[in-house]
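**Q** Following the working numbering, the numbering of the sequence shown begins with 1 at its first residue and continues without gaps.
In case anyone wonders, no lab produced these hints; they're calculated from the structure. Where is the CB? At the ideal position from N, CA and C, for every residue including glycine. Incorrect hints may appear among the rest.
[Claimed, not checked] Cβ-Cβ distance ranges computed for the label pairs, FRET-style:
id, residue 1, residue 2, range
1, 29, 143, 30 to 40 angstroms
2, 114, 70, 36 to 46 angstroms
3, 109, 13, 22 to 32 angstroms
4, 90, 160, 11 to 21 angstroms
5, 112, 9, 41 to 51 angstroms
6, 89, 40, 35 to 45 angstroms
7, 96, 144, 41 to 51 angstroms
8, 41, 86, 36 to 46 angstroms
9, 110, 9, 27 to 37 angstroms
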Amino acid sequence: MVALGINRQLRIFVWVAGIAIPAVVALLFFLPGVEVSPGVASFLHTLPAVNATINGTAFLCLVFSYKAIRNKNILLHQRLNTTALALSALFLVSYVSYHMTTESTPFCKEGWIRGLYFFVLITHILMSIAIVPLVLTTYLLGLGNQIQKHRKWSRITHPIWTYVTFTGVVVYFMISPCYPW
1 MVALGINRQL RIFVWVAGIA IPAVVALLFF LPGVEVSPGV ASFLHTLPAV
51 NATINGTAFL CLVFSYKAIR NKNILLHQRL NTTALALSAL FLVSYVSYHM
101 TTESTPFCKE GWIRGLYFFV LITHILMSIA IVPLVLTTYL LGLGNQIQKH
151 RKWSRITHPI WTYVTFTGVV VYFMISPCYP W
């Protein structure tokens, strides 16, 4: 039986990835950091800005993808979503690389901005956990030409994915004055 128009192996992949990726990211905050040379550490310190750029570019791809599909430009919609997916995968590799080797930076501001920061950060984290299986399912439905199901899933996935990419940039700009370098 093929549920959602996606074969069994792909469904298993989607759910394994949906559980494994957030679990690996969560583990990073409990494991000791990996020691790196000063040159590598210097490079790794650039990754938060790189990650924000990747997230910002993925955000723009998602905004223009939505506009493209509204204008019935299916090919552009597909290309922009594929680009956003590739950027999100690249972000994940970069994010894991950074957090495997670098201590977390505590937020250094006080007052209302601190509450706003933690609200944005917590909603970003919670939605980023949910987004992995949602994006993979929605993308595979589109790829498999299951258009009605793709549309239905997209109504949930697109706003969450867009929020996650946007708030990733917001979190970076809010925490960046707190970096020790």
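**Q** Evaluate each hint against the coordinates.
**A** Hint-by-hint comparison with the structure:
1. 29 with 143: 30 to 40 angstroms: holds (33 angstroms)
2. 114 with 70: 36 to 46 angstroms: For residue 70 against residue 114, whose Cβ atoms are near 38 angstroms apart, the range 36 to 46 angstroms holds.
3. 109 with 13: 22 to 32 angstroms: For residue 109 and residue 13 the Cβ distance comes to about 41 angstroms; the hint is violated.
4. 90 with 160: 11 to 21 angstroms: Given range 11 to 21 angstroms: holds, Cβ gap about 19 angstroms.
5. 112 with 9: 41 to 51 angstroms: For residue 9 against residue 112, whose Cβ atoms are near 49 angstroms apart, the range 41 to 51 angstroms holds.
6. 89 with 40: 35 to 45 angstroms: violated (22 angstroms)
7. 96 with 144: 41 to 51 angstroms: violated (29 angstroms)
8. 41 with 86: 36 to 46 angstroms: Given about 27 angstroms between the Cβ atoms, the range is violated.
9. 110 with 9: 27 to 37 angstroms: Since residue 110 and residue 9 have Cβ atoms about 51 angstroms apart, the given range 27 to 37 angstroms is violated.
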